[in-house]
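Enquirer: Sequence:
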Amino acid sequence: MTTHTDDTKSQDLAAEVPVRLNWSQHAPEVYKAMIRLETAAKRGLDPALYELVKIRASQINHCAFCLDMHTKDALAAGESVERIVQLPAWEESRHFYTEKELAAIELTEAVTVLTDGFVPDEVYAKAAGHFDEPELAQLIAAITTINAWNRFGVTCRMTPGHYTPGGHA
58 MTTHTDDTKS
68 QDLAAEVPVR
78 LNWSQHAPEV
88 YKAMIRLETA
98 AKRGLDPALY
108 ELVKIRASQI
118 NHCAFCLDMH
128 TKDALAAGES
138 VERIVQLPAW
148 EESRHFYTEK
158 ELAAIELTEA
168 VTVLTDGFVP
178 DEVYAKAAGH
188 FDEPELAQLI
198 AAITTINAWN
208 RFGVTCRMTP
218 GHYTPGGHA
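For the working numbering, count along the sequence shown from 1 and bump the result up by 57.
Bear in mind the hints are in silico, worked out from the structure with no lab data behind them.
Honestly, I wouldn't trust all of these hints.
[As the list claims (entries may be wrong)] Only pairs whose alpha carbons sit at most 20 Å apart, straight line, appear in this in silico PhoX-like list of lysine-lysine: (1) K129 x K99; (2) K89 x K99; (3) K89 x K157; (4) K183 x K157.
Given these sequences and hints, build the entire structure.
Expert: Next up, the structure:
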């Protein structure tokens, strides 16, 4: 059993859920291709915005492994705890983000969920108003890439809590 100690008390935590499959070990060429895609997708994007997008998609997809990784990377890069904490409620916490970040977050949600089978024109237009076409293409690639990573993480039950910031840079 794992024990976590804080300033006020010690408590027993639930056991870690075991990883289902170490997919990167069994599909190394796919993993290498994903790393190349990740490297290409983030080119030209603001690092803080990039991490916000990754965190928001991972929240929606319930990918604990990616949430652990990207919140740690964001904090290590200087992102505030407050902005990360407010991200799930960004619509009520708009004043924590720039209009450009809000457009990226909204586009992230639309691309991630696709419940209506499309990205609404107004969401796309808002993003297009804040990003030039090459930057918008990179943003869409970044959103698509984190969604692919999330699907590996959730399906294979990758275990959160062991990531060190910059570990996959």
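Enquirer: The structure should be examined with respect to each hint, and the outcome stated for every one.
Expert: Hint-by-hint comparison with the structure:
1. At roughly 17 Å between alpha-carbon atoms, K129 and K99 fall within 20 Å of each other, so this suggested pair holds.
2. About 16 Å separates the Cα atoms of K89 and K99, which keeps this hinted pair within 20 Å; it holds.
3. A distance of roughly 31 Å separates the Cα atoms of K89 and K157; the hinted pair therefore is violated under the 20 Å criterion.
4. Only pairs whose Cα atoms come within 20 Å are accepted, and K183 paired with K157 is accepted, the gap being roughly 9 Å.
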